[in-house]
Amino acid sequence: MTAAAAPVTVLVVDDDVQILRALRINLTARGYRVFTAVGGATALRAAADVHPDVVVLDLGLPDIDGTQVIAGLRGWTTVPIIVLSARTDSNDKVHALDQGADDYVTKPFGVDELLARLRASVRRATTIGGTEPRVEAGELTIDLGARIVERAGVEVHLTPTEWNILELLVRHRGRLVTRRRLLETVWGPGDRKETSYLRVYLGQLRRKLEPDPAQPRHLITEAGMGYRFRT
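Position one of the sequence shown corresponds to residue 1004 (my numbering), numbered consecutively onward.
Note that these hints are calculated values from the structure, not bench results. Quick caveat: nothing in here was measured; it's all calculated off a predicted structure. C-beta: ideal position from N, C-alpha, C; glycine also. Among the hints, erroneous ones may be present.
[To be verified] FRET-style restraints, in silico, Cβ to Cβ:
1. Asp1115 <-> Glu1158: 47 to 53 Å
2. Ile1028 <-> Asp1215: 18 to 24 Å
3. Ala1119 <-> Gly1063: 19 to 25 Å
4. Arg1233 <-> Gly1063: 34 to 40 Å
5. Thr1031 <-> Pro1065: 23 to 29 Å
6. Arg1183 <-> Pro1216: 21 to 27 Å
7. Asp1215 <-> Asp1066: 43 to 49 Å
8. Asp1215 <-> Asp1052: 40 to 46 Å
Sequences are here, hints too, so could you generate the full structure?
Structure below.
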């Protein structure tokens, strides 16, 4: 970071107050702007308030699991997320990365290694330039930054819920997004909505976006698993 550059904002989420204190001291000394949270719900509120440039997140939180925090964040932001956890099982790592984490560091950890990974995550995000992609799919143009969808050059009005579902699918285009992840991301962690919610909203999206809603080209149902967006 140069002297003229705005400080990078880091949100550190951990229920270990000693780790929070150590990271706050180390990051602040290196010119970062640091916010901390000890729980998942507090972390989600803090992220919405301060819009951090990177999140350092423990998985073992006292209220909700860290993977639910990842899912909640990924519903509206592409901020880099570095998991910092004592869980060493490969399944935990894969699950966190599948939910949308960018990196995974196991405890105990070296501060220098964590700082290097943090710098790399910020560099990757900066390389993208902070711009959101425009996705072309047949007649559709989806501008994730402007939150605009056009079909054959004509803007299509979507409700907030329809947009949130479409955005999540488009950001993971080509990949399966499970029903559970869609429900948790769109309606919130712990909210047990019936899958009929998704069927209704996907039906509405298909009527608005697909040339033939009965035979969709882009909004694909994977029976018993979830949905996939194809370009």
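These are the hints, each one checked on the structure:
The given range of 47 to 53 Å is respected by aspartate 1115 and glutamate 1158, whose C-beta atoms sit roughly 49 Å from each other. The beta-carbon spacing between isoleucine 1028 and aspartate 1215, approximately 59 Å, falls outside the hinted interval of 18 to 24 Å. Look at alanine 1119 against glycine 1063: about 24 Å separates their beta carbons, and that is inside 19 to 25 Å. For the pair arginine 1233 and glycine 1063, the supplied restraint of 34 to 40 Å holds, since their beta-carbon distance comes to about 37 Å.
Distance hint check: the CB atoms of threonine 1031 and proline 1065 are about 25 Å apart, consistent with the given range 23 to 29 Å. Checked against the hint of 21 to 27 Å, the pair arginine 1183 and proline 1216 passes, with Cβ atoms roughly 25 Å apart. At roughly 45 Å, the beta carbons of aspartate 1215 and aspartate 1066 sit within the given window of 43 to 49 Å. A C-beta distance of roughly 44 Å is found between aspartate 1215 and aspartate 1052, which places it inside the suggested range of 40 to 46 Å.
Consistency with the previously given hints fails for number 2 only.
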